[in-house]
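Top line first, the protein sequences correspond to chains A and B.
Residues 1 to 245 in the working numbering are what the first sequence spells out, letter by letter.
Residues 1 to 323 in the working numbering are what the second sequence spells out, letter by letter.
No lab work stands behind these hints: they were computed from the structure.
It cannot be assumed that every hint is accurate.
Computed footprint of chain B on chain A, listed as stretches where at least three residues anywhere in the stretch have a Cβ under 8 angstroms from a Cβ of chain B [claimed, not checked]: (1) 83 to 96; (2) 118 to 130; (3) 166 to 172; (4) 211 to 223.
Straight-line alpha carbon distances no greater than 30 angstroms define the calculated DSS-like cross-link-like pairs of lysine-lysine that follow [stated by the list, open to error]: (5) K129/B x K86/B; (6) K143/A x K13/B; (7) K164/B x K54/B; (8) K189/B x K16/B; (9) K86/B x K31/B; (10) K197/B x K233/A; (11) K142/A x K110/B; (12) K16/B x K243/A; (13) K15/B x K59/B; (14) K54/A x K182/A; (15) K313/B x K297/B; (16) K289/B x K224/A; (17) K282/B x K210/A; (18) K86/B x K210/A; (19) K69/B x K142/A; (20) K282/B x K16/A.
Glycine included, C-beta positions come from ideal geometry on N, C-alpha and C.
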Amino acid sequence: MKILVCISNVPDTTTKITFTNDNTQFNTSGVQFIVNPYDEIALSRAIELCEGGKGTVTVINVGEVATEPTIRKALAIGADDAVRINAAPRDAYFTAYQIAEYAKSSDFDVILCGRESIDYNGSQVAAMIGEFLNIPSISIIKKLDFDGSTATIEREIEGGKEVISVTGKFIASCAEGTAEPKIPNMRGIMSARTKPLQVVEAKEIAQLSKVQQFETPAPRGAVKLVPAEDATKLIDLLHQEAKVI
Amino acid sequence: MSVLVYVEQVDGKFKKSVFEAVSYAKAIADKQSSNLTAISIGNVGENELKELGKYGASKVLNVSNDQLKNFVNQAYAAVIAEAAKKENADVVVLSNSFSGKGLGPRIAVKLEAGLVDGAVELPQLDGGKFLVKKTAFSGKAFAITELTSAIKVIALNPNAFGTKENVTDATIEAFNPEVKSTDLAAIVKEVIRATNKISLPDAELVVSAGRGLKGPENWGMIEELASLLGAATACSKPVSDADWRPHEEHVGQTGIAISPNLYIAIGISGAIQHLAGVSSSKVIVVINKDPEAPFFKVADYGIVGDAFEVVPKLIEALKAHKG
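Starting from the given sequences, assemble the full structure and let the hints guide the process.
Take a look at the structure:
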């Protein structure tokens, strides 16, 4: 089995988000970048499925040379090789198109990615790749198993889950539960340095969306403290003042 | 030109988030002086379809086809894109639900349309620009995104816009485009839905608890409080990582982001990753025994106290309040 895993280079989850240039650009100064945590889940499941010589895992990232440490981290976790599409990602449409074009030229059985990236929070790339390649796309999965060439997938829905069966090529975006994120070991880190990382130039496609400006949420007023013994007062405030119950 | 809204049904019924999407789409149609058409896929009765008129849909395309009984995003996207072409729609609206997230991007590619998911406000149409505000950085910020394509697709966050009545007599029209078998390659084997629980992304009220609860055996009082309020239950990351609660209850940066009317956080300190997922809640109540807990800084109301003493008191007070 050949699995392609899409990884995104995102700010560490503890990052305080600030902007520069009149709130038009994300301020990357001092920010630590990591493999998008959901993509790490997808990668971990891909590695599990290929363990013991059952297949190979290729990671792909659309990014400029600065994302290579993140790609090496994915190789350290256990991917066999990597591809970097050499371009700053413009929007999900651009990213999905680049990955779909690369996937067309290679013979992957399955493509996996995370449910969303934790920066722009689009959950767009997986389903867009599915559409570009005209293959099924299953978004926000919690479980993925194979029986021969048939995959059984659990997808999250409001208040429950759906069990889906797919035979043949597909793409899925993974959420928590699909796998425990793997942590690179020393051998992985050492071998990551020499694993193949191919750089491919991006293809041109129309830009359909563009972030014009960022805003940070309005600060809340000071907290109104209620004495611990006076629970009734809190209920009254929520009923009469906040009007939420 | 017209606006098309996809109305997701669950067991033949529409949820509140659907009426929110219809209200939102109607407001866009009004801004553009165009008409609103809704498209429903699956077996929905006429009375339920007529409900869409209440929020401003003047036409409802009803796709009732046994092949489309279950949600398969590939096939549904093809049908919705066909409807958009037929209705000459320049804006397509849907809910940013679990299914919507799998659907919007496929529709966007089919129509070569720019897509904004997680929209929280009506588009601003300034000087010929089409700008939509959406959540970004897991709730730590918003991004004003410009869509430059001829057709635009917008996935609206639940509980962001509200419902607005706009009574119209909706005409219902059967719509039966051909469904390609290649679009049905993913087969739905089973749908498991808890009917007695409020689903977290849809919930208007949420009671959430963290490590301060000390163990899964102590969730009884959390569930009791939630059930009295008619709220969904949620938890912090350490709690779901320790398997005290299921993953789907985990809210925060790597779990799910929610924006209920009321979020009650019990025994959660308020790490930046947790705050990211809940900061757009309209009212936040924090109960924590540590007065220095960072969560108090973003709370509207707070009680400094031990959850094991405060929660039972809250339950009593709530019972009294409800009479």
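We went through each hint and held it up to the structure:
no.: 1; hint: 83 to 96; in the structure: holds (count 4)
no.: 2; hint: 118 to 130; in the structure: holds (count 12)
no.: 3; hint: 166 to 172; in the structure: holds (count 4)
no.: 4; hint: 211 to 223; in the structure: holds (count 10)
no.: 5; hint: K129/B x K86/B; in the structure: holds, 25 angstroms
no.: 6; hint: K143/A x K13/B; in the structure: holds, 28 angstroms
no.: 7; hint: K164/B x K54/B; in the structure: holds, 9 angstroms
no.: 8; hint: K189/B x K16/B; in the structure: holds, 27 angstroms
no.: 9; hint: K86/B x K31/B; in the structure: holds, 21 angstroms
no.: 10; hint: K197/B x K233/A; in the structure: holds, 28 angstroms
no.: 11; hint: K142/A x K110/B; in the structure: holds, 27 angstroms
no.: 12; hint: K16/B x K243/A; in the structure: holds, 19 angstroms
no.: 13; hint: K15/B x K59/B; in the structure: holds, 19 angstroms
no.: 14; hint: K54/A x K182/A; in the structure: holds, 18 angstroms
no.: 15; hint: K313/B x K297/B; in the structure: holds, 24 angstroms
no.: 16; hint: K289/B x K224/A; in the structure: holds, 15 angstroms
no.: 17; hint: K282/B x K210/A; in the structure: holds, 28 angstroms
no.: 18; hint: K86/B x K210/A; in the structure: holds, 28 angstroms
no.: 19; hint: K69/B x K142/A; in the structure: holds, 23 angstroms
no.: 20; hint: K282/B x K16/A; in the structure: holds, 22 angstroms
The structure fails none of the hints (numbered hints given earlier).
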